[in-house]
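A.B. asks: What follows is each chain in one-letter form.
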Amino acid sequence: MSGFFKSSIGRKYAMALSAFFLMIFLLQHFAINMLSVFSPEAFNETSHFMGTFWAVQYLLQPVLIFGVIYHFVMGFILEARNKGARVSKYAKNNGAANSSWMSRNMIYSGLAILAFLVLHFIDFWIPEINTKYIQGDMTGLLADGEGFRYYEELTHKFVSPLRVGAYVVAFIFLSLHLMHGFSSAFQSVGATSMRKKKLQTFGKAYAVIIPLGFIIIALYHHFNH
Amino acid sequence: MVDYKVTDISEHMSFLEMMDVLNEQLVNQGEEPVAFDHDCREGICGMCSMYINGEAHGPDRGVTTCQLHMRMFKDGDTITIEPFRAKAFPVIKDLVVDRSSFDRIQHAGGYISVNTSGNTQDANAIPISKYAADEAMDAATCIGCGACVASCKNASAMLFVGAKVSQYALLPQGRIEAVDRVKNMVAQMDLEGFGNCTNTGACEIECPKGISLENIARMNREYLSANIKD
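As they're listed, the protein sequences go chains A and B. According to this note's numbering, the first sequence is numbered sequentially starting from 219. According to this note's numbering, the second sequence is numbered sequentially starting from 2.
Just chain B, same shape as in the assembly (with noise of 0.2 Å):
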């Protein structure tokens, strides 16, 4: 852990301006930059990724480190930011972390398969109930940042893998592949070494997006029924 001092901070300023501000002052006094990851800054692409005060993406709710003011904390706070420290994340530099394990997670099954040859059926001509496709809705909205894993005592991905299971089990197009898709992605991310969920439901508070335990419910279910089907 390393301190350091920066002034000129509006409560107005989003974290990562702050981290701008102290890396300009780093570089004006010949120091090495802090390297953190970010890239949209609307908490829409899930790149920021520190934990702050011992909270992924710090002390707000529903918010991703880009989106958290200086507001939520006083003057000459001292602030803990560390990178989210899991097995399966590790550290490339300060606080950027390789996510990768996620990618290869969703590339083991968190897509449809779909013939593009000009025959495709045109989505919105299946029905599909409000309560599913608002279900499903929910689950898309995650962005992947990896806070469930940060937060969770166990760094387990049951929330992330949940949710992505989820997006798709509850339409009619991810039906098809629903067996091999649960089955696969959660034999991925067993591999990439994630810790056990116990429940604890840290996940779910921290989540920048709000996604529920209830995806975790229905991924242990679509588990169960895959395994029992095949």
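This is chain A alone, in the form it adopts within the complex (with noise of 0.2 Å):
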């Protein structure tokens, strides 16, 4: 396997592993948000659970940072690479006559989504990783001592409609990025044509039902607060 994922496949490969990694966690954490819109119980209990058991915060928790940091540095260095690859452009060229918007302007879906998450690390995971690892406080209570703090936080974050319209516009650009990036990872690992239709079907689904979903969360929270 010397060389695997240095060479072009490899890092196809690579691309979709970690793209594969980055959907199913997707996929989790919108069913604990939904959490959050039918009972803020369940919502704080298991929020805790994923904030304080070892197995997620050492294990799963760096895969993921891992598998963020190198899908999205992994896809600038391609799309350098391929840029490279047609150092004189076209004067003219009718790209919409064979392949679909989405497929063509990964890129830019990607960086509106990296936009996001910087926001979205500085809304939840810095003060997260400042109040259990910095301040020492693994309770997970509120400043009261009445109940888990989670919820609270959640709903807070939705109240300005300036946040809740950028959580929008990036989960437009989410289901973008997913309306190509969930078929073409299974392209790349080799998926047959039988199967891929099937998933073609599976992955538009993923890619409207994911991001409208985290869109429908936060909409609730920012008008039932």
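Be a bit skeptical, because a hint or two may be false.
[What the hints assert, rightly or not] Under the rule of at most 20 Å between Cα atoms (straight-line distance), these lysine to any residue pairs were calculated in the SDA-like manner:
{"hint": "1", "chain 1": "B", "residue 1": "K75", "chain 2": "B", "residue 2": "E12"}
{"hint": "2", "chain 1": "B", "residue 1": "K154", "chain 2": "A", "residue 2": "I295"}
{"hint": "3", "chain 1": "B", "residue 1": "K230", "chain 2": "A", "residue 2": "A232"}
{"hint": "4", "chain 1": "A", "residue 1": "K301", "chain 2": "B", "residue 2": "G55"}
{"hint": "5", "chain 1": "A", "residue 1": "K224", "chain 2": "B", "residue 2": "L225"}
Read the hints as simulated data drawn from the structure, not as lab findings. Since this is a predicted model, take the numbers as computed values, not measurements.
Take the two lone chains and join them into the complex the hints point to.
C.D. replies: Below, the structure is given as structure tokens:
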């Protein structure tokens, strides 16, 4: 396997594998966030478990951070290499005649998602790390000690219409990214055409339902608090 | 870019015949004709390589430039004609590009080694399933024109290499050297400076022979399998 991940196809596999990991992560993130709509108690309990269970914190979280960084960095490296493969641009290029907008603009939808992740990290991840590992408060309780803080923190973040608007726009870009990315990842790992058609249908559903679900959650908390 | 006005063009002419008329006019006016590649003019050789109105081989589907008819355009249209643009396809002159990078990829493994001393087994004596034979034949219809590279936003050659790997990978004769073939051809492809495939599917749409993306998926599987075995 020496040199596999340095080759063009090896990098395709690596991008696809990191994409699979991120799509599974997105699914579980969505499931937990959905709990906040139906049961704040269940959301608090699950969030506390995810935030304090050692396997999630010390095994899955580092893998997730690596996966996110790898997917973005490799995406930019491949984009730069691909741009270099055509030094002289076409005077007239009709890309819409043979490919979807989503497939041609993965770098831009990816950049929008990256900008959102920065906001998301500032909103949730950095305060969480600060509370738990810098201040050393692993209780997950509110300042007055009356119950868990996770639901309160979540709803507080969705008060600002500007932030909710940014989340909605970001999830539209995530949907566009997934519209191509989902089936593309399977193509990269060599899925056969018969399976690919079913996967494309499933992928389109995933690309619409998951981001739309996140948007509904954000709007629900905005208009109910 | 240079603007030329061409007259006396019949809608039944092929695009290359229109280019011939243009060049005749230019020669008669004492100007340099436009250099362009062509050979068989029946869609087999893969030489004609123009990027017409933003698409490889023009707006029609399943055809090479020599099979593209002027009826696809309107009288008075301005048609933009460019060479195939890719770092691995350097322009020689006007619309002529050097596609010898494809030849070097083929030399790296696009063949089978057969003992021709007189004891060669008759290929027809080797049982091959109809499915495999059809799939191999479909892959083998690639004429190496380079429309896939020209159309791909990344100038990737994976449809071409995928077709060449597939046509052998599907047949028992090709399995013997399968590991070295895919590794060497992909290594040469990367060396030539082609971009990475991002699965836009533009190559499949623009391919005059309808080579399927399935060939890229098969090459990816072959490449992983070859690296695990090696």
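A.B. asks: Now, for every hint given, state plainly whether the structure supports it.
C.D. replies: For each hint, the structure was consulted:
1. K75/B - E12/B: 9 Å, holds
2. K154/B - I295/A: Measuring from Cα to Cα gives roughly 15 Å; hence the hint holds.
3. K230/B - A232/A: 19 Å, holds
4. K301/A - G55/B: Holds. K301/A to G55/B sits at ~18 Å (cutoff 20 Å).
5. K224/A - L225/B: 13 Å, holds
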